[in-house]
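Participant: Chains A and B supply the protein sequences, listed in that same order. Counting from 1, position 63 in the first sequence corresponds to residue 63 in the UniProt record's numbering; the numbering is continuous, with no gaps. Counting from 1, position 239 in the second sequence corresponds to residue 239 in the UniProt record's numbering; the numbering is continuous, with no gaps.
Derived by calculation from the structure, the hints in this document are not laboratory data. Among the hints, erroneous ones may be present.
From the structure, some residues in chain B lie toward chain A, with a derived Cβ separation under 8 Å [stated by the list, open to error]:
1. Gln126
2. Met328
3. Arg333
4. Ser358
Per the computed footprint, the stretches of chain A lying under chain B, defined by three or more beta-carbons under 8 Å from a beta-carbon of chain B, are [as the list claims (entries may be wrong)]:
5. 111-117
6. 139-147
7. 150-159
8. 175-184
9. 194-201
Quick list of simulated restraints, FRET-style, between CB atoms [stated by the list, open to error]:
10. Gly176(A) to Arg329(B): 14 to 24 Å
11. Thr102(A) to Lys154(B): 35 to 45 Å
12. Ala459(B) to Thr22(A): 49 to 59 Å
13. Asp75(B) to Arg173(A): 20 to 30 Å
14. Pro398(B) to Asn152(A): 37 to 47 Å
15. Lys370(B) to Thr102(A): 52 to 62 Å
16. Arg58(A) to Asn356(B): 36 to 46 Å
17. Arg173(A) to Glu134(B): 15 to 25 Å
18. Asp289(B) to Arg173(A): 18 to 28 Å
19. Arg144(B) to Asn152(A): 30 to 40 Å
20. Asn152(A) to Ser277(B): 20 to 30 Å
21. Thr74(B) to Ile96(A): 42 to 52 Å
22. Asp136(B) to Arg29(A): 49 to 59 Å
Note that beta-carbon positions come from the ideal geometry of N, C-alpha and C, so glycine has one too.
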Amino acid sequence: MSSRPTAPNRRSTKNEYIETDTGNKISRRAHIEGKQNIMLGGKSVLMAGVTLRGDLHRLQEQSEGDERSKGPVTAINIGRACIISTNCTLRPPMRIHHGTMTFYPMRMGDNIFIGHSTHVSSIHIASHVHIGANCVLGPFSVIKDNCKVLPNTVVPPHMIVPAGSVVGGRPARILGEVGDGWGQGQTGGGEEEWVEGGDLRGVVRSIKG
Amino acid sequence: MTTAFPYVRYACPCTETAAPPLLGKRSSQDVETEQDEGLTFNPHDQRANFSLYPLDQLLFCDECNHTRCPKCWTDEMIYWYCPHCQFDVPSSSVKSDGNSRPSSSSTHLRPDGGSSSNDSYILHCQYCDWSTLEIDVKFSKPSRITEQLQKAWKARYGAKEEKDEEDRKQHESPGTQHDATFANLQRFYKDQLSESGDQPNMYSNSPYSSPANLARIMNLYGGLSYNALKKTREKPQPMREAGGLPEGLVTYTEDGIPGEEEMIEKIKTLGLEGTASEEQRLTTPQNYDTRFQDELWPIATPLRVRRGKRCRTCRQFLARPEHKVGSMRYKIRLLALNYVQRLSISPLQPTAPRQNPSFQLRPETLPEVKVHPHQTQQYILTVRNPIFETVKVTLATPATTPGKVASKVTILCPSFTVGPAGDMWDEALSASTTSDGSRRAAMASLTGSSADGDRQPEAGKVWERSRNTTSVILEVVPGAVKSPPKIVPDDKQEEELTEDDDILEIPIYVRAEWEAVPHDAAGHADHKGERESREFAYWCVLGVARITQT
Numbered sequence: 001m002s003s004r005p006t007a008p009n010r011r012s013t014k015n016e017y018i019e020t021d022t023g024n025k026i027s028r029r030a031h032i033e034g035k036q037n038i039m040l041g042g043k044s045v046l047m048a049g050v051t052l053r054g055d056l057h058r059l060q061e062q063s064e065g066d067e068r069s070k071g072p073v074t075a076i077n078i079g080r081a082c083i084i085s086t087n088c089t090l091r092p093p094m095r096i097h098h099g100t101m102t103f104y105p106m107r108m109g110d111n112i113f114i115g116h117s118t119h120v121s122s123i124h125i126a127s128h129v130h131i132g133a134n135c136v137l138g139p140f141s142v143i144k145d146n147c148k149v150l151p152n153t154v155v156p157p158h159m160i161v162p163a164g165s166v167v168g169g170r171p172a173r174i175l176g177e178v179g180d181g182w183g184q185g186q187t188g189g190g191e192e193e194w195v196e197g198g199d200l201r202g203v204v205r206s207i208k209g
Numbered sequence: 001m002t003t004a005f006p007y008v009r010y011a012c013p014c015t016e017t018a019a020p021p022l023l024g025k026r027s028s029q030d031v032e033t034e035q036d037e038g039l040t041f042n043p044h045d046q047r048a049n050f051s052l053y054p055l056d057q058l059l060f061c062d063e064c065n066h067t068r069c070p071k072c073w074t075d076e077m078i079y080w081y082c083p084h085c086q087f088d089v090p091s092s093s094v095k096s097d098g099n100s101r102p103s104s105s106s107t108h109l110r111p112d113g114g115s116s117s118n119d120s121y122i123l124h125c126q127y128c129d130w131s132t133l134e135i136d137v138k139f140s141k142p143s144r145i146t147e148q149l150q151k152a153w154k155a156r157y158g159a160k161e162e163k164d165e166e167d168r169k170q171h172e173s174p175g176t177q178h179d180a181t182f183a184n185l186q187r188f189y190k191d192q193l194s195e196s197g198d199q200p201n202m203y204s205n206s207p208y209s210s211p212a213n214l215a216r217i218m219n220l221y222g223g224l225s226y227n228a229l230k231k232t233r234e235k236p237q238p239m240r241e242a243g244g245l246p247e248g249l250v251t252y253t254e255d256g257i258p259g260e261e262e263m264i265e266k267i268k269t270l271g272l273e274g275t276a277s278e279e280q281r282l283t284t285p286q287n288y289d290t291r292f293q294d295e296l297w298p299i300a301t302p303l304r305v306r307r308g309k310r311c312r313t314c315r316q317f318l319a320r321p322e323h324k325v326g327s328m329r330y331k332i333r334l335l336a337l338n339y340v341q342r343l344s345i346s347p348l349q350p351t352a353p354r355q356n357p358s359f360q361l362r363p364e365t366l367p368e369v370k371v372h373p374h375q376t377q378q379y380i381l382t383v384r385n386p387i388f389e390t391v392k393v394t395l396a397t398p399a400t401t402p403g404k405v406a407s408k409v410t411i412l413c414p415s416f417t418v419g420p421a422g423d424m425w426d427e428a429l430s431a432s433t434t435s436d437g438s439r440r441a442a443m444a445s446l447t448g449s450s451a452d453g454d455r456q457p458e459a460g461k462v463w464e465r466s467r468n469t470t471s472v473i474l475e476v477v478p479g480a481v482k483s484p485p486k487i488v489p490d491d492k493q494e495e496e497l498t499e500d501d502d503i504l505e506i507p508i509y510v511r512a513e514w515e516a517v518p519h520d521a522a523g524h525a526d527h528k529g530e531r532e533s534r535e536f537a538y539w540c541v542l543g544v545a546r547i548t549q550t
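Based on the provided sequences and hints, a complete structural model is requested.
Facilitator: Dropping the structure here:
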């Protein structure tokens, strides 16, 4: 990580990505709503066309005037070295709770790859998860650690994918288990070394404006 | 196979030994290496698919010095758990209750307070909008769903069965009735066997070994005389077959299953879409006899199992997960990744910028990797060393690839060394200029494209070398998929090309030799200086590209 030029990147307007102090790369063409409700863990990438609905957050207690003092509530929490590819949508799930419509915060772990054009409404995605392209993760679905979601999968609402499984199909079914070496075997950082579910910092580094 | 090119698969040698090696037999290596010598691995062989694996799915037994694949490891249940609620299920309850969790329900179904006012609940699938209302089942409480389902099923089908039984004793619908009938049958035959078989001796539970002896002794002491005893016994009846329902015999007549007519009528109205598929019917025994989709019964979530893996030969644990649901940590994990030299291949003159197919960031379609027949292609073959010793690698490949499409393959430098794997620190210190990821790009920019273009691959020379990788050049002349039209008509039938025969797959035999500190001497001070030479050899297959038809 020594060679990453941070300061010039931020100043020039030509670059596609805005890089934050913690190394997050956010495309200028990403649509981000409710910025104050979104947490990025660092070294994560939001690519062009990504939609983040941080405005869909849980409303504070009815006292409207008090809301400012409490500070922003988190709607989307993304961990470290996550890659949200082009045209993805992250939308916190919603349900009717005690008669009122409530949005629930979305939590995502570290080293998650989400393929392009995927719609995510999961409540929780754990770490080292690889999600293929064109998937739909239904509201309140839970993806546990070390999972692989094949491309074009539709994970139904409320489904819980146990750790270390491969899911696919419409509706998603558990098709198998990932190998014992899931995400392992990175010694250096070359492109051949990128493995699904592994450390994504190398991939993040390679994404440049 | 829809895998993106290029790919590398590693052959587990276990298929070459005819039978899995016996327990405790450790000399199997010698046998295998002998067999290896003569044979060339054919990736187009029908059996090859069963021995080729991506490296991350292989384990390594360091006792046997062998890779281990799902066929040569044994699985061991570590724990059962419910995938839905992520709770550990003790093995005793698995054994008694079967492989499903009594309190949870099928994957996509969840309890839904449909009409909470009168306290009834339904199971509802949020994907296809199916609910238990369709089979007219409601629950009184949102917990212990499986139990309630079972009760509902018994109430519906169990009652029907009893009625059926009363009506027509001959044809009752199967289900739980099977068990009772079977029990009857078993009891009947047990009785028959005991009646017709050897007479149980009267004194059979006495400590005297011989019944004749015992009878004589009893005779001496004035018991029943031996002959009198004999007379009292009944004559053994000849064994007969079961004769009726009380004895467990159920006969089926040909005059039609009841309701067959109705069934045919129903199919006429519903069509084939309304019938249950075999897959649906086989989900649970309750659905075995279901003919229509609207009669299918929801099933409880099957439990999942976390498994440990043992070497089949030496019983060593190769992978042992932590005993904690949801945790993906391992107590023991011997991955082949950490023992086997990894190969990767990339074109020398890439036509398009390389993109890792599993990390496709934009929705553009990747260009299909194709090669033209009879056009020489050069590839960079990179060998990556995971072990902490310098390894001497010898590569071998058949001059023409086996299979129906024969391509010529040449490795320009088949023998070389690969440096040891080390810490990231070593790497950082040795390559002070750039990080490893951008090293190649930096090299290209430093040397300039002209210098890079001038560089020609040379026979016997290593192409590129870094800390723990060495690259050599591989030359391939793809063969023609269609053989040229013959002038003289050949009597021989042209071999039909099957699917995937046009994939250029190169089998490579990799032999790695290195010196290491012996296992047993690692702790002893007096053996410090000693090194023993080790070697490991395996076949792997490089899937390069598809050969175009024209």
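Participant: Decide, hint by hint, whether the structure agrees.
Facilitator: We went through each hint and held it up to the structure:
{"no.": "1", "hint": "Gln126", "result": "holds, 4 Å"}
{"no.": "2", "hint": "Met328", "result": "holds, 5 Å"}
{"no.": "3", "hint": "Arg333", "result": "holds, 6 Å"}
{"no.": "4", "hint": "Ser358", "result": "holds, 5 Å"}
{"no.": "5", "hint": "111-117", "result": "holds (count 4)"}
{"no.": "6", "hint": "139-147", "result": "holds (count 3)"}
{"no.": "7", "hint": "150-159", "result": "holds (count 5)"}
{"no.": "8", "hint": "175-184", "result": "holds (count 5)"}
{"no.": "9", "hint": "194-201", "result": "holds (count 3)"}
{"no.": "10", "hint": "Gly176(A) to Arg329(B): 14 to 24 Å", "result": "holds, 20 Å"}
{"no.": "11", "hint": "Thr102(A) to Lys154(B): 35 to 45 Å", "result": "holds, 40 Å"}
{"no.": "12", "hint": "Ala459(B) to Thr22(A): 49 to 59 Å", "result": "holds, 50 Å"}
{"no.": "13", "hint": "Asp75(B) to Arg173(A): 20 to 30 Å", "result": "holds, 21 Å"}
{"no.": "14", "hint": "Pro398(B) to Asn152(A): 37 to 47 Å", "result": "holds, 38 Å"}
{"no.": "15", "hint": "Lys370(B) to Thr102(A): 52 to 62 Å", "result": "holds, 53 Å"}
{"no.": "16", "hint": "Arg58(A) to Asn356(B): 36 to 46 Å", "result": "holds, 38 Å"}
{"no.": "17", "hint": "Arg173(A) to Glu134(B): 15 to 25 Å", "result": "holds, 21 Å"}
{"no.": "18", "hint": "Asp289(B) to Arg173(A): 18 to 28 Å", "result": "holds, 24 Å"}
{"no.": "19", "hint": "Arg144(B) to Asn152(A): 30 to 40 Å", "result": "holds, 36 Å"}
{"no.": "20", "hint": "Asn152(A) to Ser277(B): 20 to 30 Å", "result": "holds, 22 Å"}
{"no.": "21", "hint": "Thr74(B) to Ile96(A): 42 to 52 Å", "result": "holds, 50 Å"}
{"no.": "22", "hint": "Asp136(B) to Arg29(A): 49 to 59 Å", "result": "holds, 52 Å"}
In summary, the structure agrees with every hint in the numbered list given earlier.
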